[in-house]
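**Student:** Given the coordinates of chain B, assemble chain R onto it according to the supplied hints.
First to last, the sequence lines map onto chains B and R.
Reading the first sequence from the start, the letters are residues 1 to 184 in the UniProt record's numbering.
Reading the second sequence from the start, the letters are residues 1 to 446 in the UniProt record's numbering.
Read the hints as simulated data drawn from the structure, not as lab findings.
Note that beta-carbon positions come from the ideal geometry of N, C-alpha and C, so glycine has one too.
Treat the hints loosely; a few may be bogus.
[Unchecked claim] Derived BS3-like pairs: lysine-lysine, alpha-carbon spacing no greater than 27 angstroms straight-line:
#	chain 1	residue 1	chain 2	residue 2
1	B	K27	B	K131
2	R	K204	R	K175
3	R	K368	B	K61
4	R	K298	B	K61
5	R	K342	B	K93
6	B	K28	R	K286
7	B	K144	B	K131
8	B	K153	B	K35
9	B	K153	B	K166
10	R	K340	B	K93
11	B	K61	R	K373
12	R	K298	R	K373
13	B	K176	B	K28
14	R	K280	R	K342
15	B	K27	R	K286
16	B	K155	B	K28
17	B	K27	B	K153
18	B	K27	R	K373
19	B	K176	B	K93
[Unchecked claim] Not close to chain R: a few residues of chain B, all C-beta gaps over 10 angstroms, as computed:
#	residue
20	E8
21	S9
22	F43
23	G47
24	D50
25	A62
26	F64
27	V100
28	V102
29	L127
30	Y128
31	G130
32	K166
33	T175
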Amino acid sequence: MEHHIHSESAFLVGIFDDEDVLMSGVKKIRNSGVKIHEVYTPFPIHGLDDALGYSRSFMSKAAFLFGVTGFTCLVTLMVWTMGFDWPMIVGGKDYVSIPVLVPVGFEGTVLFSALGMVATFLTVSNLYPGKKPFLFDSRCTDDKFVMAIDLTKNKLTPEEITSIIKNYGAIEVSTKLVQAGDLD
Amino acid sequence: MAEHHSVSYNLDEQYIFDPRIRRNAIIAVVVGFALVILGIILAATGGGHEAAHGEHAGAAAEHAGAAAEHGASWLKRLFANLWINNVYFTGIALCGIFFVAVQYAAWAGWSSLILRIPMAFGFFLPVTGVLMIIYFLVAGADVAHIFHGHGLFHWTVEGIADEHSPNFDEVLASKTWYLNFGFFMARMVVYFVVWFTLFTIIRKRSLQEDIEGGLEIYDRNIVFSAIFIIFFAVTSVMAAWDWSMSADPHWFSTMYGWYTFASWWVACLATITLATVYLKEQGYLKMVNSNHLHDLGKFMFAFSIFWTYVWFAQFMLIYYANIPEETNHFNEIFEGFGGKYKGMFFVNLLVNFLFPFLALMTRESKRKMTFLKLVAWGILAGHWLDFYLNMTPFMLGDDGGIGFMELGVIAIYAGAFVFVVGTFLAKAPLIAKNHPMLEESLHHNQ
Chain B
1 MEHHIHSESA
11 FLVGIFDDED
21 VLMSGVKKIR
31 NSGVKIHEVY
41 TPFPIHGLDD
51 ALGYSRSFMS
61 KAAFLFGVTG
71 FTCLVTLMVW
81 TMGFDWPMIV
91 GGKDYVSIPV
101 LVPVGFEGTV
111 LFSALGMVAT
121 FLTVSNLYPG
131 KKPFLFDSRC
141 TDDKFVMAID
151 LTKNKLTPEE
161 ITSIIKNYGA
171 IEVSTKLVQA
181 GDLD
Chain R
1 MAEHHSVSYN
11 LDEQYIFDPR
21 IRRNAIIAVV
31 VGFALVILGI
41 ILAATGGGHE
51 AAHGEHAGAA
61 AEHAGAAAEH
71 GASWLKRLFA
81 NLWINNVYFT
91 GIALCGIFFV
101 AVQYAAWAGW
111 SSLILRIPMA
121 FGFFLPVTGV
131 LMIIYFLVAG
141 ADVAHIFHGH
151 GLFHWTVEGI
161 ADEHSPNFDE
171 VLASKTWYLN
181 FGFFMARMVV
191 YFVVWFTLFT
201 IIRKRSLQED
211 IEGGLEIYDR
221 NIVFSAIFII
231 FFAVTSVMAA
241 WDWSMSADPH
251 WFSTMYGWYT
261 FASWWVACLA
271 TITLATVYLK
281 EQGYLKMVNS
291 NHLHDLGKFM
301 FAFSIFWTYV
311 WFAQFMLIYY
321 ANIPEETNHF
331 NEIFEGFGGK
341 YKGMFFVNLL
351 VNFLFPFLAL
361 MTRESKRKMT
371 FLKLVAWGIL
381 AGHWLDFYLN
391 MTPFMLGDDG
401 GIGFMELGVI
411 AIYAGAFVFV
421 VGTFLAKAPL
431 IAKNHPMLEE
441 SLHHNQ
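One chain only, chain R, in its complex shape:
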């Protein structure tokens, strides 16, 4: 069977972080900061929406200090944006580890050529982890009283569980055993520490395998991957409750963990696809052919449908049961705040379901790099909007919007992500050359 190896590949490929890409990543961050400052200036000086402020009753009226916090509404908007992007990019980095763990646990062969790409994503976790703690302290729980005690998370308001306080809220008081400052912070720290530790272990062994070879490392990585998957199954759901669902703390949905995972996961698959395609375009990974791309395309296609399925399952039950405390969540998005989020509600479904569903339906489209790039960018933008819609109406209400500030924060995070992932991708060989399934990946065909 010697004729099988008629094409020889360079398995010792080393990625060199292209200085132009590094420069562009830094430019993205700088431009992002400029856009944010422009957005701040526009928000701080822009009149016009003052009038709208007096009108809104209902949910927003419960903020006692609404008038007082008005002056800092741009700051709150900035922090809400930072929080949303931080949650989104944490998920992408985290699901990169999950992807690696799944490939190990499933004994997957096809993906072993591209395993090092998601393996570099995990290095963004420490960045978002530290930032998330800062954001939560400053804006989430407002420990420094910049927002007069009304941070991004309503459940952190002082006296919310105190019967004698004017801020007392019976529903939230019943949830303080879970939603309280200490437990929330402890959970956040534990998630990040354990995720990153397991990631480091798996990656270290994979690099060791490059030198030593053999099956022992592979077998042990399967065990660590299984541990990660079990931990991830619980913590990804809890993280979704903590970081996203608790923005609307009166409301809860049992689908929410799955739903957020689906959003993170499909965004991560789009990122892996984009990274693979761009590496190929730069001349790396020549042995990754249209069959591997086809699998990535199928992944994006399937999980876009999965996301829609979960989205709809959550929506449908609430829609049909018609219980006011449940429908409130969708009413706020759909009709609240003068209907400013209504359009996005539909755009979310079109971009995240209809577009990938139709664009990736045929076999050929999943095997073409231009198509995959187009859809992957669409998915990344669409799922950012998904996270935005799940949090902004409840964190900012009338003060939310999409403008320079939002684009700026996205640019900062995207630039930083590319910078960190590119840097660490260049620190290890691009191919796990002693991965026992590599042969299968080289001959992947379907």
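Isolated chain B, as found in the complex:
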């Protein structure tokens, strides 16, 4: 990390204490021209990602591809071992009989997509054992909803933004300096 230029950026941190206020507030705050960096909540809120204007995650496509990979791998394994490498008759069936491949193919699909999704999610979220999470406000792990706004990416002044988010339900607003790398 030495080659990184150590820079700081200032964030406005708004605290909300009601899910519904937050939900309706997010849309209006964005409509007022404020760019929201992220909202941290103690539990998932349905529709919040839509309200924040996030595009769909690619996780479902990843799941599909992992599933197809798993299906192909295990069916190939079955066909090769049972049909070619060491042909065996089991229960009077053909060496390669399609119904026999279904449970294995199904399990392969499930196993690969489940493990693949976990691995993908941990990777893209930059989560690893011993990771020290950066929290704008530790109350987002308890009972408050925390909205972070990157001032360097907003044209409005901090005072204007503060008044906007207070107007739409933030119970307190503070400023926080963030080191580069904190948000990785």
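**Tutor:** Relative to the frame of chain B, chain R by itself:
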């Protein structure tokens, strides 16, 4: 939080059964009758398959009066069709009640806006109930000897449990404690009476709730729903044995109850989806948005996979164990009767599994009405074929087929279903406006 209610909805919506739809439903029934008559004429006059009749040995040869009953084979085919459609539509109506009961018992919120739709399905039960008794008396057990004692159900043949009779069948004799005329009829009556009674109670309370509001009615409906679910769990399985599995009475499968339920249930979910989409297209239920549709789509997607899972679980064990008395069932479908059902065997899997699986896999497809309609129609056609395949080879064998008669009977039942459900949907407000979970449904988001 006043801004939450920025859009106001009309919760007093009343469905008016569109005269055009009513007319089309009646036309469907009339056209259905015309097709049936055309099918009968073709079947009664059509030669050509006479030759095939002499060939078949094995299972069909045990019908002593095969030659004598030949003259009435179209009549038998007609009744087999009526029976199959009756069983299918009974299941759709019944699962409509089950859907309502599940939503109550699970305290489901998202569905409270559309609850009145499946609640109208239950009114088709008395229709199919009465018809089923008639069909069973006339054709199932052949009490009037129209089919010379060989009705649709082989276990009803006279002397089947009598050692001295030429019709004696040891396997079926051992099952007469369950498969006998009196018990079968009694069961059928009890199923329909209890299903319909519980349905009436639940619906009546729901309508009362529109006027009175409060939580008491909701709480009590949860209790009645739970009672219905317990009763349904047992009787839906027994009904599957009675009405469908006993068409092949030597054979049995412990998966059969689940399997038939899965078929009924997914067909019912497709019907609910279609009804919701068409109501929306007519301008009703504006507050039902793509999130509700998404849930219905997920339901169809998930239970199509569930059906396949159960189908395969049943098939796989029989395939692997390879016990002749079990494999016989699939052999008859797969290779029996000159292989005439073999193609349908694969079509069944493609339409009921592969098609909904691929078509509804993405999120967007579950949220688009055109996609949902396409898949729902596919599922409805596919599961009709599923019921057809489970019964026709064993009821009709060589005489079975898909032609004008089959299409006609489907049209009659579909038309009648739309007519009855539409009529009763129009008799109550479209939205249970005092349902305690309605607020959640209005803001359903995912």
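**Student:** Work down the list of hints and note, for each, if the structure agrees.
**Tutor:** Status of the hints after comparison with the structure:
no., hint, verdict
1, B:K27 <-> B:K131, "32 angstroms, violated"
2, R:K204 <-> R:K175, "40 angstroms, violated"
3, R:K368 <-> B:K61, "19 angstroms, holds"
4, R:K298 <-> B:K61, "17 angstroms, holds"
5, R:K342 <-> B:K93, "20 angstroms, holds"
6, B:K28 <-> R:K286, "24 angstroms, holds"
7, B:K144 <-> B:K131, "23 angstroms, holds"
8, B:K153 <-> B:K35, "7 angstroms, holds"
9, B:K153 <-> B:K166, "19 angstroms, holds"
10, R:K340 <-> B:K93, "24 angstroms, holds"
11, B:K61 <-> R:K373, "24 angstroms, holds"
12, R:K298 <-> R:K373, "14 angstroms, holds"
13, B:K176 <-> B:K28, "23 angstroms, holds"
14, R:K280 <-> R:K342, "40 angstroms, violated"
15, B:K27 <-> R:K286, "22 angstroms, holds"
16, B:K155 <-> B:K28, "17 angstroms, holds"
17, B:K27 <-> B:K153, "18 angstroms, holds"
18, B:K27 <-> R:K373, "32 angstroms, violated"
19, B:K176 <-> B:K93, "69 angstroms, violated"
20, E8, "37 angstroms, holds"
21, S9, "32 angstroms, holds"
22, F43, "15 angstroms, holds"
23, G47, "4 angstroms, violated"
24, D50, "8 angstroms, violated"
25, A62, "14 angstroms, holds"
26, F64, "7 angstroms, violated"
27, V100, "8 angstroms, violated"
28, V102, "6 angstroms, violated"
29, L127, "25 angstroms, holds"
30, Y128, "29 angstroms, holds"
31, G130, "34 angstroms, holds"
32, K166, "16 angstroms, holds"
33, T175, "28 angstroms, holds"
Going through the hint list in order, the structure does not satisfy hints 1, 2, 14, 18, 19, 23, 24, 26, 27, 28.
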